[in-house]
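Heads up: the sequence lines are chains A and B, in that order.
For the first sequence, the working numbering gives the first residue as 1, with consecutive numbering after it.
For the second sequence, the working numbering gives the first residue as 1001, with consecutive numbering after it.
Possibly wrong hints are sitting among the right ones.
Derived contacts from chain B toward chain A, CB cut-off under 10 Å, selection only [said to hold, decoys possible]:
1) 1078
2) 1084
3) 1258
4) 1303
Taking CB as the label site, the calculated pair distances span [what the hints assert, rightly or not]:
5) B:1034 / A:184: 36 to 44 Å
6) B:1124 / A:297: 20 to 28 Å
7) A:430 / B:1103: 32 to 40 Å
8) B:1122 / A:55: 27 to 35 Å
9) A:297 / B:1103: 46 to 54 Å
10) A:311 / B:1103: 35 to 43 Å
11) A:425 / B:1150: 48 to 56 Å
12) B:1114 / A:385: 35 to 43 Å
13) B:1150 / A:198: 32 to 40 Å
Quick caveat, the hints were computed from the structure, so don't treat them as lab data.
Note that CB positions come from ideal geometry on N, CA and C, so glycine has one too.
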Amino acid sequence: MSIDWNLYPCQDFYDELVAAPGKGRDAFSGFLDDLSALGPEELVARQEAANLAIKEMGITFTVYSEEGGTIDRAWPFDIIPRIIPKSEWDRVEAGLKQRVQALNLFIDDLYHDQRIIKDGVFPAEVLAKSVNFRPQCVGVNPPLHIWAHVCGSDLVRDADGTLYVLEDNLRVPSGVSYMLENRLVTKRVFPELFEHYAPLPVDDYPSQLFDTLAALSPRPADYPQVVVLTPGIYNSAYFEHAYLAQQMGCELVEGRDLFVDTDDCVHMRTVDGPKRVDVIYRRVDDLFLDPEAFRPDSTLGVRGLLRAWTAGKVAMANAPGAGVADDKVVYAFVPEIIRYYLDAEPVIPNVPTYRCMEPEALAYTLEHMEHLVVKPANESGGYGMLVGPASTKAERERFAEAIQKDPRNYIAQPALKLSTVPTIIGHHLEPRHVDLRPFILSADRQQVTMGGLTRVALRKGSLVVNSSQGGGSKDTWIVPDQP
Amino acid sequence: MLSRVAENIYWLGRYVERAENTARIVTVNANLLLDLPRGIAPGWRPLVDITGANALFEEHCKDYSERNVVRFLLGDERNGGSILSCLGAARESCRTIRDFVPRETWELLNELYLYAHDALAKGMTKGGRHTYLKYIILGSQGINGLLSGTMLHDQGYEFLHLGRFLERADMTTRIIDVRSANLLPDETTDLRPFETIQWVSVLKSMTAYQAYRRSEQVRVQRGPVLRFLFKHPTFPRSVRHCIESSRLSLERLPRCESALRVAGRLKRNLESTEPPRLDQQQLHAYIDDVQTAIGELHQEIARTWFLPPLAAEAAA
């Protein structure tokens, strides 16, 4: 048996590998034939080899349950890679850098003069209602004036092939460890394809991350002491925290390992006695960072940490308060933000967004709800959303009421037709929807991962790519354009 | 190395050792009871006496029946010293430092805990008990072996050692304390053969019988057995050996002065005392002293290297 690409459905959506029935994309033509040459049995065998490798390598994500004795699940991975030609990626990379640069200028402005508000580009009321704005951070000058050192932006491709930014994660974005592990597994299962298509390497991320963090050290003369701060083993991203700490050669610490001394310096408790910490890559949310400054009941944080950071005795990535730009309403202003600070047009477009705070947008949203996706400003992970085409009349009415009560809290976007990639389902290849999360590092310079984490919704027709809800992932190949 | 990691490794060592020791004393007691005449057989209570958890036991159990005691020591999760609780605690300690201990160790420990949990009902039966406990002992030894064969022998290894040897020293003294005391009325010549059985069982609780035979070449009796278990330099479960090993680990750690002082006092105390010369009451008092000193050494280790208790942190 072989694979018949003529039967692969690719008309309704943009498929990343299949341009038309029986025809691969030009930039890496031949790839479909290579898969056919392997044949379905061999592909399934390699998928099984990959599953085994993942189990052996201990790549997991955490789902806590008291019973059953294990809290880790193997990471669902599909071996067929998603491929992007280098020429396209160059443009995406430039667009991401531009975007994060503008967002950092924006955050810094919000915590200082708020010029963008005074100049009437960004409405004061949006800021006033932001739940991620931290008054404690006003006037603070983090090193290099960078607030979002690690950004994970989600990209999606619509039916016409246009790539859009769907959201920017500026708080504690996760997933990069899976990007790295996916590559290791793919190298094992597709060595021959790998040699032929020569996807560009991704594995310098840990050292780039370390350099980014080290550049923030308040004691530049010394070798900086960088640590990864985790909420602990029950956090769903604990595997990643441990993985990154290990790859960077840093200590993985919890809040109770650290303390702030009377001189405002942060120290970790070691068997050799207290040791000063220069940079904290924190994977703990703002509000849990410091019971003195934020939630007093937090046991995950470090008393006095914000004080130490404000005094410039320790650097934190991402900076507390960076999440102010991680808000769906703020997202809707990113094109304006780019124009305002950089005097340039956005390289990668936003998904067209209706800001319900604006009367015409509100009217349009209420009128077209069955074709739109309506999102509240500060929910993430797909919670509290209305997906118009899949909604009932009662749900739409409930949402309409909520929107009218608090229009500032809502945006609406056309329901996108997410692109697909062939995925092994049983013994066949079927299209499944994907997104892409590249990671952007910012300090003394900016770096973007070569590709990123491609997440795939394994359920037929589903657009939900979250691993907790039946999502998996794929390796992402950025390949040199064929002459 | 982080204090928290050091502390977790230390407790990993302690809990695995405790699980193993508990498995040993239950096995040996079962054998001992088969060999003693019914009238003088001490039953199962001494095992709870050894662990010192009598108050907790009596809170939950009506009497010291075989079934109650065995359940309390094997699988009662209310008893922090039960095999299941110890393995559970060891597993939690290990889980938080999984990036530190070799992966296989975590897997083996996880598997051992699951076995202790799942096979418990079988382990509670007279017929299945032996197999169950043997598996626990082998599993504990397996973990120790894996760690010594695959883990970096750095500071973390010293803390593992400290946990293991302090726990072992503590358990050895507890076994001697309880087992030497209450078996036979003094000076009863017609029970002589049973006295030998008693001391043989003390040795066997620590897998010391063969070693004793090889090293002492005298028959099994109180004086030489006590000397062997307290003072033998190379038997790995003698109090002296445990304290000596702990001292060597302490010496390799930074800021070890005050902990070494405490260990040094303990060592001198051991050297200057001849347990065989003590009568039963004196021996009991002496063991109390030794256990207090072991407790002090633990306190000093915690004070020097571990995270301060949460209460102190909150007050600060």
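Taking the hints in turn, this is what the structure says about them:
The interface hint given for residue 1078 of chain B is violated, since its Cβ lies 17 Å from the closest Cβ of chain A, which is over the 10 Å cut-off. Violation of the interface hint for residue 1084 of chain B is found here, the shortest Cβ-Cβ separation to chain A being roughly 12 Å, above the 10 Å cut-off. Against a cut-off of 10 Å between C-beta atoms, the interface hint on residue 1258 of chain B is violated, since the closest Cβ of chain A lies about 13 Å away. Checking residue 1303 of chain B against chain A by beta carbon gives a least distance of about 12 Å; that is not within 10 Å, so the hint is violated.
A hinted range of 36 to 44 Å for the beta carbons of residue 1034 of chain B and residue 184 of chain A is inconsistent with their spacing of about 57 Å. The beta-carbon spacing between residue 1124 of chain B and residue 297 of chain A, approximately 42 Å, falls outside the hinted interval of 20 to 28 Å. Checked against the hint of 32 to 40 Å, the C-beta distance between residue 430 of chain A and residue 1103 of chain B comes to roughly 35 Å, which is consistent with it. For the pair residue 1122 of chain B and residue 55 of chain A, the supplied restraint of 27 to 35 Å holds, since their beta-carbon distance comes to about 29 Å.
As the Cβ distance of residue 297 of chain A to residue 1103 of chain B is approximately 35 Å, the hint placing it in 46 to 54 Å is violated. Checked against the hint of 35 to 43 Å, the pair residue 311 of chain A and residue 1103 of chain B passes, with Cβ atoms roughly 41 Å apart. For the pair residue 425 of chain A and residue 1150 of chain B, the supplied restraint of 48 to 56 Å is violated, since their beta-carbon distance comes to about 40 Å. The supplied range of 35 to 43 Å is met by residue 1114 of chain B and residue 385 of chain A, whose beta-carbon atoms lie about 40 Å from each other.
As the Cβ distance of residue 1150 of chain B to residue 198 of chain A is approximately 37 Å, the hint placing it in 32 to 40 Å holds.
Figure legend: structure checked against the earlier numbered hints; hints not met, in rising order: 1, 2, 3, 4, 5, 6, 9, 11.
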